[in-house]
Amino acid sequence: MIPDLIVSFFASLLAGTGVGGGGLLVIYLTLARGFEQLCAQGVNLAFFVAGASSSLPIHIKRRRIDALPVAVLGIAGAVGACLGLWLAKKLDARLLRIIFGAFLVFCGMRTLRSK
Amino acid sequence: MTQNLTHRIISAPMLLLFCAVGLLAGTINGLIGTGGGIAIVFFLSKIYAKNSLYSTKDIFAMTVGASFLMSLASTAVYLKNGCFELGDCAMFILPAVAGGVFGALLLDALDSKIFKKIFALLVIWAGISMLIKR
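Same order as they appear, the protein sequences are chains B and C.
For the first sequence, my numbering assigns the number 1 to the initial residue and increments by one for each residue that follows.
For the second sequence, my numbering assigns the number 1001 to the initial residue and increments by one for each residue that follows.
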């Protein structure tokens, strides 16, 4: 229970600062807790919603949010999310994990190379 | 962000591009449960907000906003399809809310470059672990 709380807090903190952290919970849930890939992804999404719902009002208050681009991206993204889950359910769990792993390596390399 | 930028006019072709990027980001989010924000950051910083007065922090905050909307939709779709139950994530919600508040407050104070490099190494290690896991 304690590791769950600690990982969740720091993953959300890192996501809130822009360092990253979105995939951290999926990694923890699949590698350390033995969750199924799709279940871990679902928990990670709910976790992100919870974290963002607390950080978003602060960003809005600081006038960092331009509403129209955010709304258009968000609504189109909601449609895309349905398509993404449809694809995820079609794929084998191992293949889905490989895609996720390759995505992490790509993101990590990209961040390392950035100035 | 300056006052006039908050009412910046978006042309029709740019609006279509916004829809395409949103669709792509949402698809990534729905497929692997994360990562949609990366497509949005790339689009906002390299195309939409290039040579504008948006700061990196503005772009990041807008990405959080758009990611929130599409993650909310993704969560609903995952729940509806029975991929997970709310009980599975109860333990993670409260710390996530606290972490989100601290993260947003630290955004203005923190020079995150070193953290980013450390985090990148962690992510690469985790990615390789996922790739080789049976």
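Treat the hints as calculated values from the structure; they're not laboratory data.
Given the structure is predicted, the values throughout are model-derived calculations rather than measurements.
Note that beta-carbon positions come from the ideal geometry of N, C-alpha and C, so glycine has one too.
Any given hint might turn out to be false.
As the list claims (entries may be wrong) - With a cut-off of at most 25 Å between alpha-carbon atoms, the simulated PhoX-like pairs for lysine-lysine come out as follows:
1) C:K1133 x C:K1057
2) B:K89 x C:K1050
3) C:K1050 x C:K1133
4) C:K1046 x C:K1133
5) C:K1133 x B:K90
6) B:K89 x C:K1133
7) B:K61 x C:K1057
8) B:K61 x C:K1050
9) C:K1057 x C:K1113
10) C:K1080 x B:K90
Said to hold, decoys possible - Examples of chain B residues toward chain C, derived with CB under 10 Å:
11) V43
12) P57
13) V72
14) K89
Are K1057 of chain C and K1113 of chain C close enough, with their CA atoms no more than 25 Å apart?
holds, 13 Å
Holds or violated: K1133 of chain C and K1057 of chain C, Cα atoms, limit 25 Å.
violated, 36 Å
Given the hinted pair K89 of chain B and K1133 of chain C, is their alpha-carbon gap at most 25 Å?
holds, 20 Å
Cut-off 10 Å, beta-carbon criterion: hint that V72 of chain B touches chain C:
Result: holds, 4 Å to nearest chain C Cβ.
Given K89 of chain B as an interface hint, is its Cβ closer than 10 Å to any Cβ of chain C?
Given a least distance of 7 Å, the restraint on K89 of chain B holds.
Holds or violated: K61 of chain B with K1050 of chain C, Cα cutoff 25 Å?
holds, 24 Å
Next pair to validate is K1133 of chain C with K90 of chain B; report whether the Cα-Cα distance is within 25 Å.
Distance of about 20 Å is within 25 Å: holds.
Just to be careful, I want the Cα atoms of K1050 of chain C and K1133 of chain C compared with a cutoff of 25 Å; is the pair within it?
Violated. K1050 of chain C to K1133 of chain C sits at ~40 Å, over the 25 Å cutoff.
Are the Cα atoms of K61 of chain B and K1057 of chain C separated by 25 Å or less?
holds, 14 Å
Can we keep the V43 of chain B interface hint, with Cβ of chain C closer than 10 Å?
holds, 4 Å
For a C-alpha distance cap of 25 Å, please report whether K1046 of chain C and K1133 of chain C respect it.
violated, 35 Å
Close enough to count: is the Cβ of P57 of chain B nearer than 10 Å to one in chain C?
With Cβ-Cβ at 9 Å, under 10 Å, it holds.
Hints 1, 2, 3 and 4 from the earlier list are contradicted by this structure; the remaining hints agree with it.
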